[in-house]
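Q: Quick note, the sequences are listed as chains A and B, same order. For the first sequence, the numbering used here gives the first residue as 11, with consecutive numbering after it. For the second sequence, the numbering used here gives the first residue as 11, with consecutive numbering after it.
Treat the hints as calculated values from the structure; they're not laboratory data. Do not rely on the hints blindly, as some may be mistaken.
Any copy will do: because identical chains look the same in the list, a pair fits if it lies in one copy or spans two.
Said to hold, decoys possible - Cross-link-like lysine-lysine pairs, in silico, DSS-like; alpha carbons within 25 Å at most:
| hint | residue 1 | residue 2 |
| --- | --- | --- |
| 1 | 473 | 62 |
| 2 | 113 | 139 |
| 3 | 590 | 113 |
| 4 | 590 | 295 |
| 5 | 448 | 139 |
| 6 | 448 | 500 |
Protein chains: 2
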Amino acid sequence: MSRYWLPKGLRSWRGIFFTALTASIVAVVTVSIVSFPSLVEAKKNKLRTEVKPGELDDYYVFESGGHSGEIRVLGVPSMRLLKRIPVFNIDSASGWGITDKSKAMLGGLMVGDTHHVHGSYKDGTYDGKYVWVNDKANSRVARIRLDVMETDSIIKIPHAQGAHGIFPQRYPQTDWVVINSEFRTPLENNGKGNFEDASTYEGVHTIIDAHTMKIVCQIQVPCNLDLAATDYQGKYSFATSYNSEGGATISQMLAKDRDWLVVFNWDAIKAALKKGSYKVVDGVKMIDGHAGTGIAIYIPIPKNPHGVNISPDGKYAVASGKVSPTASVIAIDKLADAFAGKIQPKDCIVAEPQIGLGPLHTTFDGRGNAYTSLFIDSQIVKWNIQKAIDLYQHPKEGGTAVVDRLDIHYQVGHTMASMAETKDADGKFLISLNKISKDRFLNVGPFKPDNDQLVDISGKKMKLILDEPAYAEPHDCIIVRRDLVEPHVKQRFDMDANPDAVHKNSIERNGNHVTVRLTANAPVYGMQDVEVNQGDEVTFIVTNQDEIPDLSHGFCISDYGINFVIAPFQTKKVTFTADKPGIYWIYCTNFCHALHLEMRLRFLVKAKA
Amino acid sequence: MSRYWLPKGLRSWRGIFFTALTASIVAVVTVSIVSFPSLVEAKKNKLRTEVKPGELDDYYVFESGGHSGEIRVLGVPSMRLLKRIPVFNIDSASGWGITDKSKAMLGGLMVGDTHHVHGSYKDGTYDGKYVWVNDKANSRVARIRLDVMETDSIIKIPHAQGAHGIFPQRYPQTDWVVINSEFRTPLENNGKGNFEDASTYEGVHTIIDAHTMKIVCQIQVPCNLDLAATDYQGKYSFATSYNSEGGATISQMLAKDRDWLVVFNWDAIKAALKKGSYKVVDGVKMIDGHAGTGIAIYIPIPKNPHGVNISPDGKYAVASGKVSPTASVIAIDKLADAFAGKIQPKDCIVAEPQIGLGPLHTTFDGRGNAYTSLFIDSQIVKWNIQKAIDLYQHPKEGGTAVVDRLDIHYQVGHTMASMAETKDADGKFLISLNKISKDRFLNVGPFKPDNDQLVDISGKKMKLILDEPAYAEPHDCIIVRRDLVEPHVKQRFDMDANPDAVHKNSIERNGNHVTVRLTANAPVYGMQDVEVNQGDEVTFIVTNQDEIPDLSHGFCISDYGINFVIAPFQTKKVTFTADKPGIYWIYCTNFCHALHLEMRLRFLVKAKA
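Pulled out of the complex, with its shape left as it was, chain A reads as follows (with noise of 0.2 Å):
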């Protein structure tokens, strides 16, 4: 056979072996790409997006759990559930709400609705000592100390219901944390009103101190607050209003076109504070924040307006419309000449692009991009800030300041990028909080799971990594970098920072009150019997005496409804009435031993004569 029929490159055995050699390189980088697209794409990206056995997350993430009541800690990018964080709710494994110090912080409330957890900051990135999160059911803040990952503080914010958005100071430090409150009420709310007095209903926008958890002061306005932010240079504060026709009802509510974004003066609120311009009520200084007073400006932006947030430049606050399809962005650089009455506070818009439907919350990449959730497209919309700005001043047939969109499932809440909210915002996660899952995980019943979708936003494109179930309801999140937490985080509590620790195991009566002082070492509690009589009010104080890094203890009391979890070097205390005689075995619930198991005392409840 003749080889002339043969393209020229392969008339000689040189040509074939260059031809094949070249086919052969072809055929290897094909099948790479081909069968492993996913690992190709992440080499482009140089982005880490899975975490193999025994590796650690590069991130945490704070997530609030909504009305489960509790907050959550999650790693990215595996997106596991590191650590539930008890709050607002009763928690049966850690003895919260069980507990007498847990106790008094819930008041005898038992559920909570947990929706914006925020860091605290200094010189406006995560310092990595506190959380705060606020409860829309029952009007509260809680702090959360990062270096045990536990509830420090709960309290009550007065005059508010339905308390929503919540902001700590950003710049140079967080010594005041704001949270609004997103449903009007009489400010006496005595009950002594009717339903025709919607009208004169009022809001508050409540400045908390961080360090004392005391109520600096409350802003009071005409209006409902929603979601907050700060900016980053403490001079600010924001609030979007979804309903300045003080509507009772939903149609009320959606009767104007505009409503308002609220931003609030600290350089003003300061000046009052010290000038004494404002009432006492019940306690509180109450200062006039209504339009015209210097305090706060009303910017009308378009419609029902949900989440605002500020671009981690510290130039911008975009807020979303929600019932409308677009996003307002205001440039914090005019607010000053707003408050100084030069310009209208509508003059402080810079753009107002159309994204979408159902717009909801912005995040940002810190390279100019925002990303919007859309509740109604299901879809992270990304658009450039700029780009918006520059079609705003001048409009172009077709232009469009959107970069990409991505369809999410479904129906996304908060979107938060990965450092976000802090002027690190380093563009490389993204998570969609999806409050609607449908189809995408088996079905476990009617009441299904949220879905935490993880998107890479390294790229041009963004892209879907995972989609994570999630018990109802997170609302919100911050992704936080592991080395601005992590140093921060302790592997055993100090046990004498607690008066109660510990040291001798003891019973001491003091009229029909018992304390019973009692070690915990694996396995066995320091003491194997204890009595009281019938009646007797008792109190365990229990230290877990266990160095050994993630070795804790339970005490569960049989049959008297008492658990909790002691981790190393930590006390915890119950008081309770031994009213049942009998014996009840007091056991570890926490696995700690091969002889777990046998680490029991018996607690005897004598019977009244």
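With chain A's structure known, arrange chain B on it following the hints.
A: Same frame as chain A, but now just chain B:
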């Protein structure tokens, strides 16, 4: 240059061509194997170990949540947490412990300690209808409906403390459920004794009617009872007993070298019930199960045994030594002779392989291998049952039944393979529920997550696939094929199965009791104003009329500590005293619509005159 320094195969272009071609093929294969070993391995095992976004899992996992008091539903192989089912705990999101029905079921208790969860059976495999779970803290048993994945019934086990091992009847179907009491107490636990009475304490093996959730009878035994199992013929139930000493302190409990596997004879129990051979204690039929009664036999097995599990072929019960490095294999077909007195109980033991330190629980692959968790060694050890039996009959120097060992991280308690508690054990996946995670996850403070590790057992060697952190404290689980559960699971409730279902909104007053019937349809409740008087007892009955799958509503009364979720077509009811006057906004806590925030109504509690 002479080309004759080259190997012979490269001395012509033809040779070079074929060498290059071979090299290329080798290169492609090598690149694939080296870069993507998991892919190659997975293909080898034919086992899907990854779940991509949008894909569904192959198995449901029902996991007891330990002293969190809940049950969890996970997916395998993703290990994602698909749902929490509140059982013995208070749950702020779903309103478990808040609504009237759940509150009544919990009876004022707020903590629980779930240990063992098992499904309902038909002919030795799951029928997908129910799971049962124990509460060790307060000696209760709960039944969970799998069609809606909610707790259906909770009962208290009388005369029991530390209600621990639980198992449903496997054949011909689940008519009975057995549960063991781990803590021995005086049968009449009235607080009239003292600490010296320990030797008189008793334990009970309780039989529950699976359909009515009533106590059938209790078998009184002189020892404590730990884990439970039932056979595959409906003839026997099993309990380990680690305290044959009858001790009350840890040193007493460790005195003897052998404790017991107790076997209960169901035919004998049925005969005793029929003959009336029982005493009635507090209304419960109490059958004497002491040695010699024919009700139970006591097989001596090494030391402080913990788990007992039945091989999927129904032939063997395997109990592990906990503080002995052995497992004991009991031939179930010898039990009849032991009960008949033809052989000694100890003669039922057919193997006692040495497997490692701290053996706790055993699971099976359906191919004749057992996998035992080793708490002290932090390993799963795979061993062959037949080989263990052969070596017991014909001991061989250096002989071992052990086939493979896998290090886990760390301190494993329960372990379970897919479908391993049924005759359909499929030997694909194994979960190792590790109590201590130490360094495997980002540090989240002194109280760390457990580590649920997923292992591929489809091949000869076990292979660790992933680490999944878990909140305190997953105790045990079953891994159930998707096709056995999913067809039973509903998208919505059967609305009118609940006689309270609201079709018409109304407010009805009866003295000082007010009943409010309310519908919820996104984004509005059926009424926007509800007025009561201070001091009224108020019942809200709320029905979710949205039939769209996954469209759940919340119902939260601000400042009244009330919240619950209502899934599609579900009805929930809550009763409370309206003791605080004022306007209290009731709002939807479960994100349902673009106007979810506007879904609220005013609840006016008129002040007393």
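Q: State for each hint whether it applies.
A: Checked hints:
no.: 1; hint: 473 x 62; in the structure: both (20 Å within a copy, 13 Å between copies)
no.: 2; hint: 113 x 139; in the structure: within (24 Å within a copy, 38 Å between copies)
no.: 3; hint: 590 x 113; in the structure: both (22 Å within a copy, 21 Å between copies)
no.: 4; hint: 590 x 295; in the structure: between (49 Å within a copy, 24 Å between copies)
no.: 5; hint: 448 x 139; in the structure: between (37 Å within a copy, 22 Å between copies)
no.: 6; hint: 448 x 500; in the structure: between (39 Å within a copy, 12 Å between copies)
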